[in-house]
Amino acid sequence: MTALSLFEKSTTYNGAYIFMMANRFQMLYFVFIMPTYLIHPYMIWGIVLVGILSHFNLMLLSKWFRSRFATKGYDGFVEVFGETLVRFFAWIGLFFLLLKASIILIGYVEIVRTFIYPSMNQKWLILFMLMISWYVASKGMETTIRLIVIAFFMIIWIILLIVPFYLPPIAAFHDLFPLIPLEWTEVNWEGLLFIWSSLSGPEYLICLGPWLRPNENTFKSLAYANALTVLEYLLLFVGSLFFFGSNYVSTTIYPVVNMYRYLQSPVIERIDMLLISIYLFQFVFAISVLLLCFYGVARIAGRKTTKPTSRMGYFASWLTILACTMIINEWAWNGGTVVNRLLNLQIWSGAITYLLVPSFLLISIYRKGRV
Amino acid sequence: MFSKKNKKNNDPTKTLPSTTVQTPVTLDNLKRVLANIDEAEIIERQTNNGQQVMLLYIRSLVNLERLNEAIVEPLNTSSHLTIHEYMISSKVSRMITLEEAETHLLRGNVILYGMDHEEFWAVPLQNTLSRSIQQSGTETIIYGAKDSFSELLEQNITMIRRRIPLMNLKTESFTIGSISKTEVVILYIEGITNPDYVSIARKKIASIDFDQFLDSSQVAAFMEDHKHSVFPQFQETDRPDSCAFSLGIGKLVILVGNTSYALIAPITFFHLFQSPEDYFLRWIISSFLRCIRYLSFIISVTLIPFYVAVTTHHYQMIPLQILFVLLESRSKLPFSPFWEAFLMLITLEIIKEASLRMPTKSGQTLGVIGGIVIGQATVAAGFSSNVLIVLVGISAIASFLVPNYEVTKSNSLLQFILLILAAYLGLFGILLGAIGILTHLNALSSLKQPYFAPVAPFYLKEWKDLFIRAPLPWMKTRPEYLHPVQKWRMSRRR
Amino acid sequence: MRWIHAAFALTILSGIIATTGCSPFVENNTIEEIAPVIFWSLNQSDDRHLEISTLVPPLIHEKKRMLTLKVDLQKQGGKEFNLIYYRELKPGQLRVIVINEELARKGVLPLISTYLMDTDISQRLYLIISRGNFEEFMREQLNEQANLDYFLYRMLKHYEASNQGEMSILNLHQFKNKLFSPYADPYLPLFEVKKINLTYKGTAMFRHDKMINMLPLMDDQIFQLINNDHYLKLFAVPSSDVILGHVRSKVDIDLDPSYKNMTIKIDLTGRLEEYRGNKNLHKREDLAKLHQDIEKYLVSRTSDLLKTMQQWKIDPLEIGTRTLHPFSKPISDSEWLNLWEKMKFKIEYRLTIQPLVNVNQ
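Protein chains in written order, with the numbering used here: chain D, 19 to 389; chain U, 1000 to 1493; chain H, 38 to 398.
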């Protein structure tokens, strides 16, 4: 029996991978429901503004990557925080990883169920997706990171399908008016928080530190990824305003998928079914990476870092995510309404991790440098 | 460091597998070895100046005409002091152990025993049985060189050496197989090919322990990193120009004795879609053809599963006009789409396999029967729909567009896997399967090098020779993912 | 290597599950076992009930028959059809909804919201209004024309594609957008059904989701020109005995800042296709006279049309969207309706006609 070596490291990956991963992490589940939260045309500026903030946040993150600790992985963290503290953080990290994996998984499955298999039991879909993620992740961290290239190129072209919505008669400028906020309510603050939270994701790259090759271009890659994400958000949001009009957009569920549903090709109709299935690539990739991170972090939390990776441990991590997802799916996700408590929890947790992780790491290194 | 280890080709004594016991060669020993071999001949002769010489050889392996010319005549006419001086042939070697002697005999060498000095000499007089150089049967092209490898190893090496007249083209030979004693030669260009590949290949060949090798694919089976994959990790070709090209960009070529197929490694998945002709045609045309090839691979793998998915789960996706046709043709069929497609594909595989194994002339008849009669008759009898017959036809033809025959074969298997997933989970299932296949491809390696390069790992610059084939002057460098020692393809660069 | 075994075992396992039929699906969509309905025809039956009918089997060359049911809810109709027909009816290929005029006058929102919510149904669903007994027409035509339902869909699709300028066709998505926009009112094509004829009669106008009235053909032509298609293949002007062909329009609407006055400038280009009047078109003066006549006629018809719209308190031309500005607060829809009712307008036509004959100086 060959040993299972999930965290072996023989090569490192350059900026292109950081770019693709950061971009795809930012384009996960939230982008599908974003227009419902933003509603008003002037939130276009909200996207730009939060995008710029995120840019600065990524600057902090890239500073961490360029420090000598980042590429050392676990040892690096221990060097900065000390072992007890790292284990403490690992426990907290487990919670966030579990939450993120579960929410995006359930979110995507919900979309699949809504548009493709209305009568299917979601548990099956969750199981299938986790099984394929298990297979992907079992190839080890190195090959999983490599898979981003395939996932990225399988998906990135979909954004081009938005073009028909920018052509008349669907596109009319008056759908974008008023362009400046004339009143500001709580909903708008929630919208901004939502954008910030959906831009979160690149902070999970710190777990992949050992496999990356940070250099002076790291920030550039992260910034380009962020810029591409913001561009995609804008394209989708403006497109959905053109398509639905500002009045209706707040009442639709999954506006982005509904837009794709309206497209028609001469060979097949209802290409939304095909596109949703293709999006599987990025979700499987994200869940596989999160699964590996989860196992890695669990090893830190359980003081198992010196021992080799084991099938049992890997399987236990997988089972934890599966069980957690199933439980959340069963109890907390009151199907039908997109807005619910759990989603709010993820919005807040995503926003908090994205805000705190880079700055906290940076402060720690500076303190370390002074001491 | 490699030049030291580099051995001169065709010198069997140095490539002998080291045996533990070294028996000295004597006449008695040799006679014992040759006992019960009917074609073994032992002839005593006397030279012009009265020396006693004994000739030992195996008749079926030796070129008898040349035996007279090169040995018997000189022995009769000239007079020299020692025996090896009689030989016109320059390659006369002396041997000491019995094992050496055995190898020489089995390679078709004639052993000369000078009775006076008690010396054993070997003279190479192999009977080179080979067919003439013919056109490649598996990779046919319209433009470009027409010659292909034959079963004769040396002739194959010659064909490559003619194309690469360089001292840096190094060859290392090994003998594997306890029964077949197959000769395996690694070719590479020193200073271009990454030395790591050579050492990996050397290690892998050295660790082979098996009795018989009748084809190069058997050698590949022992050298592959992933034995359970349906994808070939060594490219098999019988075209010397492909081999020369591969050597030139930094790969290595493995030639196996008595087979007409060379192995090329490390390869990527995308190399299997490249034909030598791509580099001979105009770049726009060959880029177009290459894209068609990828497309047809995707079609051949997914078209039938897609049909099953759509007709089983997603009737919403079919445009009304097509739905009209589909409903009409499917309304009275006995089988569900999955079983219909499954049975048709099995039938197709049977026809394909049969037409390959049949003698050429009846193969044509079979094609007619298989194609027209079965296709038409199943529809007429109401076993399958017209639409499916059309789709099966398209996907079968599409599967043959891939230049590499092994990929064509693995197609059908992938198709069946996707078919089951499609019947079960529809489009979502096909994509699940696709992720599985791509993950598998991504994790594969050929000679420890990533199989899905230059996509994953990502080498953007190498995309110029991936889905498109950029103009040759743009390809200034050798593929980066092969990590060649010398990166530039042009010499005036530096 | 065990992973490969596991994956292999998994494939086999799922294959077994798939072939034995133990599947997580409840729904069977195998196409030979279902009947994808192309159209529903909705009718008012009595106060509470709907009458809902369709042709079965759709899309197959079999003897067709008409199914009609009296139901409370539309989806209930779909369910009950399955009880009386051997193939399961599926709505995923629904293309046309025929709504009876009486039903439309009571409001279509509860009807179409069903189709808006159903993710199985494409939003490119044509809505048409029928005047008369559509079911009877269908029944009559069954023997004459086999695939009537399909050809009805093809007709609508043909006139929708690249704005053929004959009918005002809206699909469900467009209708919904106009319905929910504060500055627009939806409209639908109206077909009159006689025993053997299906005739396009004009555009049915809606206030919110209730049908108000119909624009007759002449007004409908102008409506096509200034709003819907901006194109008419043939435009008959009976008062001048002339038919213009390939008429293209460019409409320029100007609202003054107080929203009290409006100017509509319409550029028409086309060619003279047919003329039966007594003017000599080879003469310049006569041609100019004809221009003037047509323009005058158009101005009066258009102003009538706009006045009708004001009377009906509808704004299908979406003039209200012109009150939107990037840097000001949008006015509410009731506010706009008040303004619209009192709005004064000035209409200018500019006609460019290719005479197709040589004109003498």
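Calculated directly from the structure, the hints in this document are not laboratory data.
Certain hints may be false.
To be verified - Derived coverage of chain U by chain D (criterion: at least 3 residues anywhere in the stretch with Cβ under 8 Å from a Cβ of chain D; other residues may be distant): (1) 1162 to 1171; (2) 1430 to 1441.
Unchecked claim - Per label pair, the in silico range of CB-to-CB distance: (3) D:Asn362 - U:Lys1202: 53 to 59 Å; (4) H:Ser365 - D:Ser268: 52 to 58 Å; (5) H:Gln348 - D:Leu178: 45 to 51 Å; (6) D:Glu201 - H:Arg359: 21 to 27 Å; (7) D:Asn139 - H:Ile121: 45 to 51 Å; (8) U:Thr1364 - D:Met330: 33 to 39 Å; (9) U:Asp1210 - D:Lys90: 46 to 52 Å; (10) H:Ser371 - D:Ala245: 18 to 24 Å; (11) D:Ser268 - H:Tyr122: 38 to 44 Å; (12) D:His73 - H:Val288: 41 to 47 Å; (13) H:Ser276 - D:Ser268: 44 to 50 Å; (14) D:Val205 - H:Ile121: 45 to 51 Å; (15) D:Ala245 - H:Lys297: 20 to 26 Å.
Unchecked claim - Simulated pairs of lysine to aspartate or glutamate, EDC-like, Cα-Cα distance not exceeding 20 Å: (16) U:Lys1447 - D:Glu160; (17) D:Lys141 - H:Glu64; (18) U:Lys1475 - U:Asp1277; (19) H:Lys366 - D:Glu201; (20) U:Lys1447 - D:Glu26; (21) H:Lys366 - D:Glu204; (22) U:Lys1331 - H:Asp278; (23) D:Lys157 - U:Glu1479; (24) D:Lys27 - U:Asp1224; (25) U:Lys1331 - H:Glu139; (26) U:Lys1331 - H:Asp323; (27) U:Lys1460 - U:Glu1479.
Owing to the predicted nature of the structure, the values given are computational and were not obtained by experimental measurement.
The beta carbon of each residue, even a glycine, is placed where N, CA and C say it ideally should be.
Structure-based check of each hint:
1. 1162 to 1171: Result for this restraint: violated, n = 0.
2. 1430 to 1441: holds (count 7)
3. D:Asn362 - U:Lys1202: 53 to 59 Å: holds, 58 Å
4. H:Ser365 - D:Ser268: 52 to 58 Å: The hinted range 52 to 58 Å is violated for serine 365 (chain H) and serine 268 (chain D), with Cβ atoms some 21 Å apart.
5. H:Gln348 - D:Leu178: 45 to 51 Å: Given a distance of about 47 Å, which is inside 45 to 51 Å, the answer is holds.
6. D:Glu201 - H:Arg359: 21 to 27 Å: holds, 22 Å
7. D:Asn139 - H:Ile121: 45 to 51 Å: violated, 30 Å
8. U:Thr1364 - D:Met330: 33 to 39 Å: Hint violated: Cβ distance 60 Å, outside 33 to 39 Å.
9. U:Asp1210 - D:Lys90: 46 to 52 Å: Taking Cβ atoms as reference, aspartate 1210 (chain U) and lysine 90 (chain D) lie about 50 Å apart, which means the hint holds.
10. H:Ser371 - D:Ala245: 18 to 24 Å: Cβ of serine 371 (chain H) to Cβ of alanine 245 (chain D): about 43 Å, so the range 18 to 24 Å is violated.
11. D:Ser268 - H:Tyr122: 38 to 44 Å: The hinted range 38 to 44 Å holds for serine 268 (chain D) and tyrosine 122 (chain H), with Cβ atoms some 40 Å apart.
12. D:His73 - H:Val288: 41 to 47 Å: holds, 44 Å
13. H:Ser276 - D:Ser268: 44 to 50 Å: holds, 49 Å
14. D:Val205 - H:Ile121: 45 to 51 Å: For valine 205 (chain D) and isoleucine 121 (chain H) the Cβ distance comes to about 49 Å; the hint holds.
15. D:Ala245 - H:Lys297: 20 to 26 Å: Once the Cβ atoms are compared, 47 Å apart, the range 20 to 26 Å for lysine 297 (chain H) and alanine 245 (chain D) is violated.
16. U:Lys1447 - D:Glu160: Cα-Cα ~14 Å, so holds.
17. D:Lys141 - H:Glu64: holds, 16 Å
18. U:Lys1475 - U:Asp1277: holds, 17 Å
19. H:Lys366 - D:Glu201: The given pair, whose Cα atoms are some 9 Å apart, holds under the 20 Å limit.
20. U:Lys1447 - D:Glu26: Roughly 15 Å separates the two Cα atoms, so the pair holds.
21. H:Lys366 - D:Glu204: holds, 18 Å
22. U:Lys1331 - H:Asp278: violated, 58 Å
23. D:Lys157 - U:Glu1479: violated, 24 Å
24. D:Lys27 - U:Asp1224: holds, 18 Å
25. U:Lys1331 - H:Glu139: With a Cα-Cα distance of about 41 Å, the restraint between lysine 1331 (chain U) and glutamate 139 (chain H) is violated, given a limit of 20 Å.
26. U:Lys1331 - H:Asp323: violated, 68 Å
27. U:Lys1460 - U:Glu1479: Holds: lysine 1460 (chain U) and glutamate 1479 (chain U) sit about 8 Å apart, inside 20 Å.
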